[in-house]
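Asker: Once you've looked at the hints, dock chain B against the given chain A.
Chains A and B, in that order, are what the protein sequence lines are.
In terms of our numbering, the first sequence opens at residue 1 and continues consecutively.
In terms of our numbering, the second sequence opens at residue 1001 and continues consecutively.
Any given hint might turn out to be false.
What the hints assert, rightly or not - Pairwise CB distance ranges, derived in the manner of DEER restraints:
no., chain 1, residue 1, chain 2, residue 2, range
1, A, Asn35, B, Leu1255, 43 to 49 Å
2, A, Leu53, B, Arg1288, 20 to 26 Å
3, A, Lys27, B, Glu1042, 36 to 42 Å
4, A, Asp39, B, Val1043, 30 to 36 Å
5, A, Gln34, B, Glu1054, 39 to 45 Å
6, B, Asp1354, A, Asn35, 50 to 56 Å
7, B, Tyr1068, A, Lys43, 52 to 58 Å
No wet-lab data here; the hints were simulated from the structure.
Just so it is clear, the structure is predicted and the values come from calculations on it, not from any experiment.
In this text, a Cβ means the ideal position worked out from N, Cα and C, and glycines have one as well.
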Amino acid sequence: MPARTRPIEKFAEATAKCTLEGAAYGKCIASNYQNVSKDMCAKEFMMLKDCYLRASGKIR
Amino acid sequence: MRLPLTKLSKNAAATVRCSINPSISHVRRSYAIQAGGAPIAEVFNQGTKWLHKERAAADVSTSRQVDYLRDEVAFRLCERLLDINRSFPNALDFGANACNIARALTRPDPDIDSMKPVKDPIGHRIGQLTCTDTSETLLYRDADLPFNNDIQITRQVLQNPEYLPYAPETFDLVLSSQSLHWINDLPSVLTQINTCLKPDAPFIAAMSGGDTLFELRGSLQLAEQERLGGIGTHTSPLADVRDVGNLLSRAGFKLLTVDVDDIIVDYPHIFALMADLQAMGEGNAALRRDATGIRRDVLLATESIYREMYGVEQEDGTVVIPATFRTIYMIGWKEGGNTPQPLQRGTGEANLTDVLGGGGRIG
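If we strip away everything but chain A, and leave its shape as in the complex, we get (with noise of 0.2 Å):
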């Protein structure tokens, strides 16, 4: 009987398939990384939760 997948397992699986987003999200936080405020980077944000979602099939 193959391993039981680990949820972690998925959500790594999903997130790889968002490295473009993921690194936008990521430079947004860079550029102002001593001064983060809460939803400083809601947009590319969510652009990568989208992206997450569609990703793991949880939406279509």
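Answerer: Only chain B this time, still in chain A's reference frame:
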């Protein structure tokens, strides 16, 4: 009924006299331990840590796969024994995990690059090694591997990770690798180690400290700050290099040596890093941690921030994320016997200015 004080003390004295019996004078006792200074705050939940280790060790093959860090640190720690020209009839490994030190001690050819190559495993100089840990499953995980035949090991499960149940002046050497960073009351444990060492015997230890996992810590904080607007503790607090020297001298150790060593491990993504930490049993066990764990949103944000800020591009174009493990190595000697002492002030015969050639002049 309340007795007058004088009568009470007389009674007490009488009881003591009655109970003195030469046949039970060998009852094992150890000194009462008091750490100097303010009471120590409880930082780690020892029950949680025990559970982490038990669970991690229950999955034997995964647990062995992630031994790379502990084995490497244990090897580096044991190499320090090559500098001490002695044999140790009775040694203690405090916080042994899966007896990684015993495995390192039995490795042949410990030092092939040196000017004076040593062919024998260092373990030949150790008579009896007592390995202790709180987690029975982890401690006995490798009990039937071949290295156990090359060294005389006694495994002992500790009930309390911060109490050493040994008589004073028992051991010729105390080793500890990658477990002191989970101790709440380090001053007390170091004092107990000092007590159970024989005079002029060394204590050699390695612990995670300082900037260990600073990339993960920083990325998590940035992600939580941006997503949630506040930060929580997801990585345990660690001792700093500067503290260790202080702690050792406070516990009564002499001739201290403290140094640090960074081991950087590359991972494909932070989930691999986190899964490995969990499999090592090294998850966060801070007492005041958020029991619900990290939210998915935050994890997603952390991965992107970590990759952007610390990621390293490989030759084939893939980006790996490095994780720094900073290990603090410490050596301290129990005072007594022939331990070299510093000379009295003013007894120096050579002038430092002559030795340093004027270049070292201060002021």
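Asker: Hint by hint, note whether the structure agrees.
Answerer: Now the hints, each set against the structure:
For A/Asn35 paired with B/Leu1255, a C-beta distance near 47 Å keeps the hint of 43 to 49 Å intact. For the pair A/Leu53 and B/Arg1288, the beta carbons lie near 33 Å from each other, so the given range of 20 to 26 Å is not met. For A/Lys27 paired with B/Glu1042, a C-beta distance near 41 Å keeps the hint of 36 to 42 Å intact. Taking 30 to 36 Å as the suggested C-beta distance range, the pair A/Asp39 and B/Val1043 conforms, at roughly 32 Å.
Against the hinted window of 39 to 45 Å, the Cβ-Cβ separation of A/Gln34 and B/Glu1054 comes to about 41 Å, which satisfies the hint. Between B/Asp1354 and A/Asn35, the C-beta spacing of about 54 Å keeps the proposed range 50 to 56 Å intact. At about 40 Å, the CB distance of B/Tyr1068 to A/Lys43 disagrees with the hint of 52 to 58 Å.
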